[in-house]
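> Could you put the whole structure together from the sequences, leaning on the hints where they help?
Top to bottom, those sequences are chains P and Z.
In this text, residue positions in the first sequence follow my numbering: the first is 1, and each later residue adds one.
In this text, residue positions in the second sequence follow my numbering: the first is 1, and each later residue adds one.
Some hints could be false.
Unchecked claim - Here are the simulated lysine-lysine pairs, DSBU-like style, with alpha carbons at most 30 Å apart:
#, chain 1, residue 1, chain 2, residue 2
1, P, Lys223, Z, Lys381
2, Z, Lys424, P, Lys122
3, Z, Lys345, P, Lys120
4, Z, Lys415, P, Lys116
5, P, Lys300, Z, Lys278
6, Z, Lys394, P, Lys171
7, P, Lys247, Z, Lys415
8, P, Lys223, Z, Lys394
9, P, Lys247, Z, Lys345
10, P, Lys300, Z, Lys445
11, P, Lys5, Z, Lys424
12, P, Lys247, Z, Lys420
13, P, Lys116, Z, Lys381
14, P, Lys300, Z, Lys473
15, P, Lys247, Z, Lys443
16, P, Lys247, Z, Lys410
17, Z, Lys415, P, Lys300
18, P, Lys223, Z, Lys345
19, Z, Lys402, P, Lys223
20, Z, Lys443, Z, Lys278
21, Z, Lys443, P, Lys223
22, Z, Lys278, P, Lys223
23, Z, Lys394, P, Lys300
24, Z, Lys278, P, Lys5
25, P, Lys151, P, Lys120
26, Z, Lys445, P, Lys247
27, Z, Lys420, P, Lys5
28, Z, Lys445, P, Lys223
29, P, Lys122, Z, Lys345
30, P, Lys122, Z, Lys381
31, P, Lys122, Z, Lys237
32, P, Lys247, Z, Lys402
33, Z, Lys381, Z, Lys394
Rather than coming from a laboratory, the hints here were simulated on the basis of the structure.
Okay, here's what each chain looks like letter by letter:
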Amino acid sequence: MNRIKAFITDFGWPRIIIAIFLLALFISAPFVGVKLDASFTDVFNRFGQNVIMVLALVPMVQAGCGLNFGLPLGILSGLLGSTMAMQFGLTGPMGFLVAILITIFFGSIFGLGYGKLLNKVKGEEMTIAMYVGFSAVMLFSILWLLLPYTKPDLVMGYAGEGLRRSISLEKYWDKILNNFLALRIGSVRNLAGNLSGGFIFPTGLMMFVAACVVFMWFFLRTKTGTAMTAVGSNPDFARASGVSVEKMRTTSVVVSTIIGGIGILVYQQSFGFVQVYDAPLYMAFPAVSALLIGGASVTKASMLNVVIGTLLFQGMLTMTPSVINSVLKTDMSEVIRIIVSNGMIIYALTRKTKVTK
Amino acid sequence: MANESSLLSLEGISKDFYGNVVLEDVTFTVGRGEIIGLVGENGAGKTTLMRILFGMPVIAETGGFKGRIMLDGKQVAFTSPFDALDAGIGMVHQEFSLIPGFTATENITLNRESMKRNVACDIFGERMSVLDRARMRTRAAKAISRLGVKLDPDILVSEMPVGHKQFTEIAREIDRSNVKLLVLDEPTAVLTETEAEVLIQSMRMLAAQGISIIFISHRLHEIINVADKIVVLRDGKAVKSVPVKGVSVHDIATWMVGREVKGSSSMLSACSEKVFLKVDNLWVDMPGETVRNVSFDVCEGEIFGIGGLAGQGKLGIPNGLMGLFPAGGNASLDDSPVPLNDPHKVLNNHMAFVSEDRRGVGLLLDETLEWNVAFTAMQAKGEHLIPVLGGLFKLRNERTMKLLAEEYIKTLEIKCTGPKQRAKELSGGNQQKICLAKAFALKPKLLFVSEPTRGIDVGAKAIVLETLRRYNKEYGMTIVMVSSELEELRSICHRIAIVDEGRIAGILPPTAEIAEFGLLMSGEKTGKNGDAA
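In structure tokens:
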């Protein structure tokens, strides 16, 4: 009994409740006519689509800068990366690679400025970060109209200038990772001779995700990563050990911003569209929520937290519309998503003091 | 003891904080119009005693106290400072509690303002009455005149010199009609000598008006000057309670610090004559521990002690040299200059520091012992790292970190479940050993240790001191130890510098008379070797 209790406190009630809820959805899915193979395909796709943005939060949490509510800043650098690569007319793997390089370039610049700002507001990072994200998105809403994009695929049809609300990646690098070495299990050939149905495992996407997770795992084990964790744990200790606290915090913000940008590139290629204007506005919340569901606190996060959290959170988002809507015949998914993601953030923030001491 | 004329008598006051005895059977009386000089080292129990007298809630929260307090022949037990105020006890704290934007009058009569009734009072009650400023001003002027000082009642507190703020505080206490006893906690500490002289005159005047005063001060000559009776507290006991007549500053200093010297100098290793660390005109801007102008030399292989009362700047010296607080001046180690304001370079310069703030600066409480021991060596010296891809990345070497932690767990006899335990789960003494291990892991030639035995039990204290002695003897490590406990310094150091008001008051051998140390600490005497500026 004590071991069960210890396990529950260790694993955390929210995670257990959500895991049980998700399990119940999977079990009930076949009974309400939802295909399990399609559901699993969706869960894996959405996991891969979102997990890198969750991963992007880890360095700042470790360095004591809190949860990166300013993630939209990284997303904006990713948007610059993809739209510029498209403007240059690059397609396929080349286009995706150049998009990543441009993202890293802008991510570093944005991250540096953002990091300098956060160093001036120690203790209030999360609030400031949120407004940094909001205002940057709005500033870019103007820029998307003004920047000299000319490619017909990108700009608005009537005016001939200013980016479209959503830009199709079909001719560029749509599903470039998802389709790479994808495994089909139980698919059937339809009358037209195309494969359809069954479970599709997005091998390329999962490999890319694994590479990113391993990169982060390595990064946190380097001298810099170790110093960063110590800064988050006790800045005075780190300073007395000859570590520059400000530099480490800035580094964490830069890394977080770059990974966030790469995260949106992965999201876009899976989703098939680049969404600009106010689309990045609330992108930080599902990521933050997933990380917290994964069991991270405001001061500590691990790779395991990222993977488990994203699986649970995205699994729930995928399964609720199909299952609940089949039962209730109404669209509950959006409501549940909002309740869970914001509720989780509140829960974690109120627990902040308890976790650290 | 309690005779007819005594106003207050404390009988057998004892107090412990969770088993840690801070006051033991303290008994003394205060007569009407008598000035009692209460002296003792930091931690001797003066503050706790005054808190008990004043009925501070912290006393009741920590289990109350033993003994009786008699005021005017009646036993009293205050449950809050308000009861004490009502009973006629006023207290002036070391820190000012004045409102800067109010005038002297407003501060003196605060919350006891004279009121004027008006028409609105008849309708809405007393709360609508307004301030009677004229009467308040006369009251303030009267209170000030009782002090015998010149002070404009209309001046804003924020515009007053420090001395006047002190008088405003005292005037506020004596403005109460029933005040019988005033407790002044180090009122002269912030004053210049002339201001202190005026304050002492005022105290005499108040005493002549029948108000008793308990005067706490580190300036012993003031005590001798003004007090009728002296009570000396040492380690929670009232060791002396004598009339001031015929007592010298020297006597008081001896009573204050007088303990048996436990360690003997034969245990110390011989120290060479070569100057290893040279500090010239060092200043450090550390809040509460400002170092103004300090110069001293430390020989190679020496254990150099730095003592002094709290707040005089002894802690600022190691913190400043290690680059943790803004500092200036010159320092050289082994004839090469010590870079100030750069913790990284200092650590690379064969220096290490065990901070007095163990939980705040010394440890990563939420991380494992491995991290705590190896982190500084990793960051400052690049040890415990594995180069990957030809040195492009450096990964931490968890294997050598573990070995290092295990080595120190063994040599320093750290009680823990293993190198993976978190630092916050250890006891204070074992945490201190981790801090030492962290410093030793840097293999420093010069080690600063700040308050190494603060807040740890007697057994752990002995082990920590023994470890320092062993590293000094076996590895020739030069150690600069800062401590508030004079006896500890005398038992381990070759020479002891006493810091007073941000300057070195003097450097003494551990065999010097206790009174000598006491005199230096209380600023009664400056050093003979010209270190004091």
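> Now look at each hint and say whether the structure bears it out.
Hint by hint, here is what the structure shows:
1. Our distance criterion of 30 Å between C-alpha atoms is met by Lys223(P) and Lys381(Z), whose separation comes to about 11 Å.
2. Among the hinted pairs, Lys424(Z) with Lys122(P) is consistent with the structure: their alpha-carbon atoms are about 24 Å apart, no more than 30 Å.
3. The hinted pair formed by Lys345(Z) and Lys120(P) meets the criterion: a straight-line CA distance of about 25 Å does not exceed 30 Å.
4. Annotation: proposed proximity of Lys415(Z) to Lys116(P) is violated, straight-line Cα distance about 42 Å (limit 30 Å).
5. The suggested pairing of Lys300(P) with Lys278(Z) is violated, with an alpha-carbon distance near 43 Å, which exceeds 30 Å.
6. At roughly 41 Å between alpha-carbon atoms, Lys394(Z) and Lys171(P) are farther apart than 30 Å, so this suggested pair is violated.
7. About 36 Å separates the Cα atoms of Lys247(P) and Lys415(Z), which puts this hinted pair outside 30 Å; it is violated.
8. Between the alpha carbons of Lys223(P) and Lys394(Z) the distance comes to roughly 6 Å, so the proposed pair stays at or under 30 Å and holds.
9. Straight-line distance between C-alpha atoms of Lys247(P) and Lys345(Z) comes to about 16 Å, which keeps the hinted pair within the 30 Å bound.
10. For the hint linking Lys300(P) to Lys445(Z), the alpha-carbon distance of about 36 Å lies beyond 30 Å, and the restraint is violated.
11. Only pairs whose Cα atoms come within 30 Å are accepted, and Lys5(P) paired with Lys424(Z) is accepted, the gap being roughly 23 Å.
12. At most 30 Å may separate the alpha-carbon atoms for a hinted pair to count; Lys247(P) and Lys420(Z) meet this at roughly 28 Å.
13. For the suggested pair Lys116(P) and Lys381(Z), the alpha carbons sit about 27 Å apart, so the restraint of at most 30 Å is met.
14. For the given pair, Lys300(P) sits about 42 Å from Lys473(Z) by alpha-carbon distance, which is inconsistent with the 30 Å threshold.
15. Of the pairs offered as hints, the one joining Lys247(P) and Lys443(Z) holds, with about 26 Å between alpha carbons and a cut-off of 30 Å not exceeded.
16. About 36 Å separates the Cα atoms of Lys247(P) and Lys410(Z), which puts this hinted pair outside 30 Å; it is violated.
17. Between the alpha carbons of Lys415(Z) and Lys300(P) the distance comes to roughly 27 Å, so the proposed pair stays at or under 30 Å and holds.
18. Of the supplied pair hints, the one linking Lys223(P) and Lys345(Z) holds, its CA atoms being roughly 17 Å apart against a limit of 30 Å.
19. Restraint check: the Cα-Cα separation between Lys402(Z) and Lys223(P) comes to about 16 Å, which is no more than 30 Å; the hinted pair holds.
20. Annotation: proposed proximity of Lys443(Z) to Lys278(Z) holds, straight-line Cα distance about 20 Å (limit 30 Å).
21. Taking the CA atoms of Lys443(Z) and Lys223(P), the gap is near 20 Å; set against the 30 Å cutoff, the hint holds.
22. Between Lys278(Z) and Lys223(P) the alpha-carbon distance is near 33 Å, which puts this suggested pair outside the 30 Å criterion.
23. Proximity of Lys394(Z) to Lys300(P) is assessed by CA-CA distance (about 22 Å); at most 30 Å being required, the pair is judged to hold.
24. Pair hint Lys278(Z) plus Lys5(P) does not hold up; C-alpha atoms about 59 Å apart against a cutoff of 30 Å.
25. At most 30 Å may separate the alpha-carbon atoms for a hinted pair to count; Lys151(P) and Lys120(P) exceed this at roughly 41 Å.
26. Distance check on the hinted pair: Lys445(Z) and Lys247(P) sit about 29 Å apart at the alpha-carbon level, within 30 Å; holds.
27. Between Lys420(Z) and Lys5(P) the CA atoms are separated by roughly 23 Å; this keeps the pair inside 30 Å, and the hint holds.
28. For the proposed pair Lys445(Z) and Lys223(P), the alpha carbon gap of about 25 Å is at most 30 Å, so the pair holds.
29. For a cut-off of 30 Å, the pair hint linking Lys122(P) to Lys345(Z) stands: about 25 Å separates their Cα positions.
30. This hinted pair checks out: Lys122(P) and Lys381(Z) have alpha carbons roughly 28 Å apart, not beyond 30 Å.
31. Taking the CA atoms of Lys122(P) and Lys237(Z), the gap is about 46 Å. The hint is violated against a cut of 30 Å.
32. Using a Cα cut-off of 30 Å, the hinted pair Lys247(P) and Lys402(Z) holds, with the two alpha carbons roughly 28 Å apart.
33. About 13 Å separates the Cα atoms of Lys381(Z) and Lys394(Z), which keeps this hinted pair within 30 Å; it holds.
Violated hints, in rising order: 4, 5, 6, 7, 10, 14, 16, 22, 24, 25, 31; the structure is consistent with all others.
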